[in-house]
Amino acid sequence: MAERIAIVGVGQTHHKSKRLDVTTAEMCAEAVERCLEDAQMTMKDIDNIVMGSFEVADGYYSPDKWIIPELGAVGKSGLEMQNVGTTGGVVAATGFNIAATGLFDAVLCLAWQKMDEAAGAFGRGGGGTNEYWTGQFPMSPITNFARRAYAYMDRSGCTEEHFAMVRVKQDQCAMKNEYAQLRLGLTLEKVMNDALLAWPIRRLHMCPTTAGAAACIVCPEGKAKKVTNKPVWVEDWYTCHQGGSLTMAEDPTSSTLAYASNLVYKRNGITNPPKDIQAWEVYEPASPAELRWIEEVGICEDYTAWKLFEQNKVGIDKEIPFNPSGGVTATNPIGATPVVRLVEAALQVRGDAGEHQIPGTINRAMATGYGGQGENVIMLLRKTL
Amino acid sequence: MTTEQKQDPEFIQFRYPREVTYHHALGYQSKFANGLKQGRILATKCPVDGRCTIPPRIVCPMHHVRQTEWVDQGQRGRLISAFKINFPMFNSRTGELQTWENPIIAVELEGGARMDGWCMETDPSKLKTGMLLEAVWRPEEERQGRADDIMYWKPIEE
Amino acid sequence: MTQNLPEIPDTLVNVDVIGYSNFLVNTGATGTKFLKEIRDNKKIMGIKCPSCGKVYVPPKLHCPTCFARMSEWVKLSGKGSLTSYTVVRYEEPYLPKQPPFAYGIIQMDSADTGIAHFLGEVDLDKIKIGMHLEPVFKEEREGSILDIDYFKPSS
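Protein chains in written order, with this note's numbering: chain Y, 1 to 385; chain S, 1 to 158; chain F, 1 to 155.
Some hints could be false.
[As the list claims (entries may be wrong)] Straight-line distance between alpha carbons at most 20 Å, and here's what the computed EDC-like set of lysine to aspartate or glutamate pairs gives:
id: 1; chain 1: F; residue 1: Lys138; chain 2: S; residue 2: Asp72
id: 2; chain 1: F; residue 1: Lys36; chain 2: S; residue 2: Asp8
id: 3; chain 1: Y; residue 1: Lys383; chain 2: Y; residue 2: Glu221
id: 4; chain 1: S; residue 1: Lys128; chain 2: Y; residue 2: Glu221
id: 5; chain 1: F; residue 1: Lys152; chain 2: F; residue 2: Glu134
Hints are computed from structural coordinates only; laboratory data are not their basis.
No experiment lies behind these values; they were computed from the predicted model shown.
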């Protein structure tokens, strides 16, 4: 019988483009220290560790053998995994699965990325795509999102100015989040005149490279209630693969987000997403993608999200509080990002997000992870059971 | 291993340059590679919904049934989406950074399968979703059974 | 558009792809201090845990036993005993020395851990576990563990 589970502590590093002062293991230890402090626990209380990062981008394999000793966690049970952009989501989902068995008291979920150490990681095979087939093309996340953005503009009738509106909103939120990396004070003009990377994507539209780590502790119900008086209940989670290369998608602008979200909504009685969910932390690797993701999670009709930005309806204290932390375009330690989304969503539910807290009671929050060719991980959080 | 050091750095860093050759077996996709060498584009067809897929696969990713039927996709297709790279990117064949003049496009072929390719038209504003394109192949002796044996997709009149 | 396509052969195809990478590794504040001591002063330093008292070399920020933050540096003599070794006799790309060469784990005196390094000025067939060794530093040092050329039997 599955146990109900809750997040009892969260922690993240202050995300920067370079962290030359720490090794990867030391950076992870920083996030874990903060998480343990938040939960008022010690490493002795943790009996299972699930961890992962996008290994190829950092340049090594099986980093758990290096990091576990530096966490003082030798001898504890656990798993290590990687899954490109959804790594953090897969780490969290696995941590949830393990906690739900009730066999462990406290599961630590840790994800990180040290992108100041990557060099030419995407020079081979286009970064995670089928090596033989697409390796001859210089593909990367930038070009994948350029492809999506072109198709979105073509089908929705929006313009580059709408992409700039999205980016400015993300920046305004990031300015209120001390942990975010890019806090730039952007204007529409700055975004629209920025360097063109792969038409129609500009440099500011894309997520940055980041060195950062994030962690959370998940406990089964009985233990969670003893540890904290503000547990964040994990209502549901789902990991979803995409069928293969981008060209196979029915609609070249979308990913599996619509399919996965609808499945989660159906089995949790959510019929009106913008009303039933009060906080959204969705993994959007590029500003144009945010438009499509807003539609895919069911906030509005397909190909109309750009109108919401025109009407200034998206923001921390607006009708649609989408990515109040500044999102992935402000901070993207690839493997860790889904856990950063989870940490931010949990802070929103607890009311602890500080300057970027969404006003009002947050009963339900949704965090997602995105990766590769459109895989998604959905994580649904609740304030009360 | 070389240390990055001009004046004394505050934090020491090391580089590990490596060059590794990988040998990939194409297996079931070999027929596809052989088809490309002969100037033909083949795809496997799913027996459940009739959808053709490139790259070809032994098993349909959605329906988990064996795909044993191969279908020639023709020489023409329609534009699905496009992008053009404005910054230097690695050429994964040579390991060199280079600039790229031609947009990369996704094409839906006559047989229903979709594939990536290079576009002959270098001005992205002249590209429209749904425009008709025709494959322009490399000379036969240069084909290796790789995706870019189709040198470009050329826009043609309806 | 179903067709029989016997004229396209099924002969198996293999492709060779070269992967290029140039990864950059950070040593962090702790690692940098350790390497600069080696580079500038020819000294090997360890770090001590305030909670359990263990001394680690090469140094880390957190104690593997109790996860306490460590900041107390300890100067070591640099000498140690050989706990284990092997002689490499085969060729492989990216090896730091030409085979045959010996390397092993040298348990540092006054520390609780050992470091892995080459053994030199010693007959490859006469290496014994428990041998007492001392480091030999290169003349030109750049802030790397290879600034120690090898460990030789102590005089």
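Here is how each hint holds up against the structure:
1. A hinted pair counts as satisfied when its Cα atoms are at most 20 Å apart, and F/Lys138 with S/Asp72 does not qualify at roughly 66 Å.
2. Between F/Lys36 and S/Asp8, the direct Cα distance comes to roughly 10 Å. Compliance with the 20 Å bound is thereby established for this hinted pair.
3. Between Y/Lys383 and Y/Glu221 the CA atoms are separated by roughly 13 Å; this keeps the pair inside 20 Å, and the hint holds.
4. The suggested pairing of S/Lys128 with Y/Glu221 is violated, with an alpha-carbon distance near 55 Å, which exceeds 20 Å.
5. Simply put, F/Lys152 and F/Glu134 have alpha-carbon atoms about 6 Å apart, close enough for the 20 Å limit, and the pair holds.
Violated hints, in rising order: 1 and 4; the structure is consistent with all others.
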